[in-house]
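**Q** Chain by chain, the residues:
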Amino acid sequence: MRFTSGRNWKIDHGMRITDALKIINGSPKDAKPFEVTLACGFTPLHLQTFLAAHLQQALPDRRVSISTGLYGDLAGTIEGLREGVGNNLAIAVEWADLDPRLGYRSSVVWDRKTLQDIVSSVPRALGRLASSIRAVPTGTVVLATPTLPFPPLFHTPSWMMSDPEIVLNKAVAEFAAEMAAHGIAIVNSTTLTEVSAHAARYDLKSDLIFGLPYSLDHADKLALCLSRLLSPPVPKKAIITDLDDTLWSGIVGEIGPEKIRWDLNGHEGIHALYQSLLASLAEHGILVGVASKNDPKVVEQAFERPDLLLRKEHVFPMEVHWNAKSSSVERILHVWNVFADAVVFVDDSPTELAEVAAAHPEIECILYPGKDYAAGLQMLARLRDLCGKQRLSAEDSLRVDSIRQTARFQEAAGEANLESFLKETKAMVRFDFSGSKEDLRALELVNKTNQFNLNGARYTESDWTSELLRADTRLMVTSYEDKFGQLGKIAVILGHLENSTLSISTWVMSCRAFSRRIEYQCLKTCFERYGVNEIDFDFLPTPKNGPIQEFLTQVLGEAPANNAKLTRERFERVCPALYHSVGEFADVRS
Amino acid sequence: MDDVQKRLVKCFENVFPALPAEEIPISTVQNNSAWDSVAAITLVNVIEDEFGFQMDFDRLAELNSFDRILSYVKTELQS
Chain A
3 MRFTSGRNWK
13 IDHGMRITDA
23 LKIINGSPKD
33 AKPFEVTLAC
43 GFTPLHLQTF
53 LAAHLQQALP
63 DRRVSISTGL
73 YGDLAGTIEG
83 LREGVGNNLA
93 IAVEWADLDP
103 RLGYRSSVVW
113 DRKTLQDIVS
123 SVPRALGRLA
133 SSIRAVPTGT
143 VVLATPTLPF
153 PPLFHTPSWM
163 MSDPEIVLNK
173 AVAEFAAEMA
183 AHGIAIVNST
193 TLTEVSAHAA
203 RYDLKSDLIF
213 GLPYSLDHAD
223 KLALCLSRLL
233 SPPVPKKAII
243 TDLDDTLWSG
253 IVGEIGPEKI
263 RWDLNGHEGI
273 HALYQSLLAS
283 LAEHGILVGV
293 ASKNDPKVVE
303 QAFERPDLLL
313 RKEHVFPMEV
323 HWNAKSSSVE
333 RILHVWNVFA
343 DAVVFVDDSP
353 TELAEVAAAH
363 PEIECILYPG
373 KDYAAGLQML
383 ARLRDLCGKQ
393 RLSAEDSLRV
403 DSIRQTARFQ
413 EAAGEANLES
423 FLKETKAMVR
433 FDFSGSKEDL
443 RALELVNKTN
453 QFNLNGARYT
463 ESDWTSELLR
473 ADTRLMVTSY
483 EDKFGQLGKI
493 AVILGHLENS
503 TLSISTWVMS
513 CRAFSRRIEY
523 QCLKTCFERY
533 GVNEIDFDFL
543 PTPKNGPIQE
553 FLTQVLGEAP
563 ANNAKLTRER
573 FERVCPALYH
583 SVGEFADVRS
Chain B
2 MDDVQKRLVK
12 CFENVFPALP
22 AEEIPISTVQ
32 NNSAWDSVAA
42 ITLVNVIEDE
52 FGFQMDFDRL
62 AELNSFDRIL
72 SYVKTELQS
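Going down the list, the sequences are from chains A and B. Everything in the first sequence is counted per my numbering, starting at 3 for the first residue and increasing by one. Everything in the second sequence is counted per my numbering, starting at 2 for the first residue and increasing by one.
For the record, the hints were derived by calculation from the structure and aren't laboratory data. A few of these clues could be false.
With the Cβ distance kept under 10 Å, some of the chain B side facing chain A (calculated, not the full set) [claimed, not checked]:
#1 Val10
#2 Glu14
#3 Glu49
DMTMM-like cross-link-like pairs, simulated, lysine to aspartate or glutamate; straight-line CA separation at most 20 Å [claimed, not checked]:
#4 Lys207(A) x Glu63(B)
#5 Lys24(A) x Glu63(B)
#6 Lys428(A) x Asp474(A)
#7 Lys75(B) x Glu51(B)
#8 Lys207(A) x Asp309(A)
#9 Lys299(A) x Glu285(A)
#10 Lys207(A) x Asp50(B)
#11 Lys207(A) x Asp57(B)
#12 Lys24(A) x Glu14(B)
#13 Lys207(A) x Glu49(B)
#14 Lys24(A) x Asp50(B)
Idealized CB from N, CA, C, for every residue including glycine.
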């Protein structure tokens, strides 16, 4: 088995036009549509083809369709979006959209007066564009700022930035910042340059003859970036790291905690970068655990060193002993209650990686590349890409603490009488019925929860918005805390109310919240809040949703079927004693 | 059907997925309603991708049938 420092999505993808068409032609015709509006001022043909193909690859169970607007009418395409649905809008702005004289198809004299006029017109065009984008009714908007080079219209040679170029780039940067503040995801121009070299982006012949400015390769790469913003890959939840010659340089058991290094002077700075990255990921809610063959006392001393950038508070749990690493990984997964496919394992030893990969084939194993600096940089970027999130939520900063609290909770629960223990936990459950489209933590929870998940359904942001816009939709978001600490928002129920029945189409609960009877409190609240006598569950078994199957079997008295029904009378008969205090946030849909 | 013709048929299949296989060799701009200007550009790109040469855009207007494109491709491959 061979491990690398991480395959790079940026170079793994290079799609041929023929393959793109095959992917599009092979899309499932009867699947739920995933509709995207592509707004650009040029003929969108190639960008449209590659965007459809990349999205189709990312969403194989959907039927992707891309609609475009009129040639040259960027703002008109944006303004034509419908109210009342979750729109997916991809915008590719080029300089010619901001002033046609900045395109190659415009026959104009590039004199000083024209340049002055262009410099003053571009900010106005950006202002109009910003207004159009801000007025987009609802949904997901992603944006690429100009990717093509200017024509050679400035007085400076190409290696020197001219004043007008600086002013125009500044105007676009300010526009992008304003759009990002408005919640719009922007294509990272630096990353785009990595995958699509500036010099190979523009196809003059194709632009002048057909109005297609992008080279095929550039259309492919820009489409790839846009597709990853519209349909982001699910981030990994956790990293398990080795210590010796990985988190630090040296074998701590041999040289002692005081001699392990990660400093620049010892030429070990790459370990400091790795520590910094792990600390940053931990702060952003990625779980970090340690699997190391070592003496636990020595490792404890090493983690006392004040110059260690990854603090011991960032790490939980630590499996430090001499047993097989696969068994350490097994225990860490158990404590975290996550599946191996959500985890990355980093080690400098190919043997250890192979041993872990054999026992946990779904885990992503990455070789720590030692003194290979280029591979080290690639590994750091790869870890950030695997774990990066589009947005952070308040729960992200609670995650590692809540895992610790859960461990303490379970330890205490195991030692006590269950009923008296639950009574004494001072549990507080709060429900938010506001159905806010802005609360993306609910969507995040739905899309990352596997075990207590009614049917495994995942939503794009626009799907979620469309659901929330339905008049009969009821959304219940549950938060929890007890004397062990806060868990934050841990459960989501999305249902549709019709007469005296609530049909639940999505129900997820974080595995951190198990064993507290929160699921019973959720159903009790649904019956009471919505005044229903029956709850229908759109249940589907998945390879991972055993915990919710078990729960439904308990409350229904039989294994759940699709459209399983639970009456209020039956629920009240089987519901155990609940000791939570219950609080509510405002309900905008009574 | 020779190898070049088979490969060209595949190109047409990708660009015109709704066109029945038996109609591809007799396809023309006139009898194939999906063969519009946009499809023509895609067809050019797919043929370039498949056969590895750049097509002469000035001759696109005359390349308005499967037969004519086949002749053109064969000529280009021989030159």
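**Q** Look at each hint and say if it fits the structure.
**A** Hints, one by one, checked against the model:
1. Of the supplied interface hints, the one on Val10(B) is violated, with its beta-carbon coming no nearer than about 13 Å to a beta-carbon of chain A, more than 10 Å.
2. Because the smallest distance between the Cβ of Glu14(B) and any Cβ of chain A comes to about 8 Å, under 10 Å, the interface hint for this residue holds.
3. At a threshold of 10 Å, the smallest CB-CB gap from Glu49(B) to chain A is about 9 Å, leaving the interface hint in force.
4. For the proposed pair Lys207(A) and Glu63(B), the alpha carbon gap of about 19 Å is at most 20 Å, so the pair holds.
5. Only pairs whose Cα atoms come within 20 Å are accepted, and Lys24(A) paired with Glu63(B) is rejected, the gap being roughly 27 Å.
6. For a cut-off of 20 Å, the pair hint linking Lys428(A) to Asp474(A) is broken: about 34 Å separates their Cα positions.
7. Only pairs whose Cα atoms come within 20 Å are accepted, and Lys75(B) paired with Glu51(B) is accepted, the gap being roughly 13 Å.
8. Under the criterion of a C-alpha separation no larger than 20 Å, the hint pairing Lys207(A) with Asp309(A) is inconsistent with the structure, at around 58 Å.
9. Restraint check for Lys299(A) and Glu285(A): not satisfied, since their Cα atoms lie roughly 26 Å apart, outside the 20 Å limit.
10. Of the pairs offered as hints, the one joining Lys207(A) and Asp50(B) holds, with about 17 Å between alpha carbons and a cut-off of 20 Å not exceeded.
11. Restraint check for Lys207(A) and Asp57(B): satisfied, since their Cα atoms lie roughly 11 Å apart, inside the 20 Å limit.
12. For the suggested pair Lys24(A) and Glu14(B), the alpha carbons sit about 9 Å apart, so the restraint of at most 20 Å is met.
13. Proposed proximity of Lys207(A) and Glu49(B) is supported: the alpha carbons are some 15 Å apart, at most 20 Å.
14. With a C-alpha separation of about 13 Å, the suggested pair Lys24(A) and Asp50(B) falls inside the 20 Å cut-off, and the hint holds.
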